[in-house]
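A.B. asks: Sequence:
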Amino acid sequence: MEEGDGTGTFTDETWAIWEPLIEAVRPRGKTPPHDLRRTIAAIFWRHENGAKWRSIPAELGPWWRAAQLFIRWAKLGVWERLLELVQDHHGVALGMTFLDGTNIRAHHKAAGAQKKGPLSKSETIVKHLAALAAAMAQKCA
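No gaps in the numbering here: position 21 of the sequence shown is 17 in the working numbering, and each next residue is one more.
Hints may be right or wrong, so weigh each one.
Claimed, not checked - When the alpha-carbon atoms are kept at most 16 Å apart in a straight line, the in silico EDC-like pairs for lysine to aspartate or glutamate are as follows:
#1 K71 - E119
#2 K123 - E76
#3 K117 - E76
#4 K123 - E80
#5 K48 - E119
#6 K123 - E44
Unchecked claim - Here are the simulated distance ranges between beta carbons:
#7 E55 - D84: 28 to 38 Å
#8 R50 - D84: 30 to 40 Å
#9 P16 - G73: 16 to 26 Å
#10 D84 - S51: 29 to 39 Å
#11 Q64 - K123: 12 to 22 Å
#12 A131 - K26: 32 to 42 Å
No wet-lab data here; the hints were simulated from the structure. Since this is a predicted model, take the numbers as computed values, not measurements. The beta-carbon is built from N, C-alpha and C at its ideal position, and this holds for glycine as well.
Please work from the sequences and hints to get the whole structure.
C.D. replies: Quick look at the structure:
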């Protein structure tokens, strides 16, 4: 993903790696997703930055399209299948990011029970996929 403009759009080299993986796991419907490359970049951008859906930059397309695709795919288990596919076929080739948790401080209200619902697991998975995409972009650059 490009670093220069800060929007996190996929470079051609990065998209060439991600596109076959996404096509392998995405559900087949009556109509294919509109501008899938931008929409996936918007989803990854949102999860990299921890922003709200409405904060997605306009050049990544409408925020509601990214939110709608994320929620629909989360309910269908697409993100889990994509993560498994990436780990099985590419493993470390896509890069790994490790954080030392001793230096990360949470807000005092962050303590508590786990999130519930079908989207919480997908949120974590997409954050991991976004980190892989960012690491891969740095290798390509």
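A.B. asks: Determine for every hint whether it applies to the structure shown.
C.D. replies: Okay, the hints, checked on the actual structure:
1. K71 - E119: Within the cut-off at roughly 11 Å; holds.
2. K123 - E76: Distance of about 12 Å is within 16 Å: holds.
3. K117 - E76: holds, 8 Å
4. K123 - E80: Judged against 16 Å, a Cα distance of about 14 Å means the pair holds.
5. K48 - E119: holds, 12 Å
6. K123 - E44: holds, 6 Å
7. E55 - D84: 28 to 38 Å: Since the Cβ atoms of E55 and D84 sit about 33 Å apart, the hinted range of 28 to 38 Å holds.
8. R50 - D84: 30 to 40 Å: holds, 35 Å
9. P16 - G73: 16 to 26 Å: 19 Å Cβ-Cβ, so the 16 to 26 Å window holds.
10. D84 - S51: 29 to 39 Å: holds, 33 Å
11. Q64 - K123: 12 to 22 Å: Check passed, 19 Å falls within 12 to 22 Å.
12. A131 - K26: 32 to 42 Å: holds, 35 Å
In this structure, none of the earlier numbered hints is contradicted; all agree with it.
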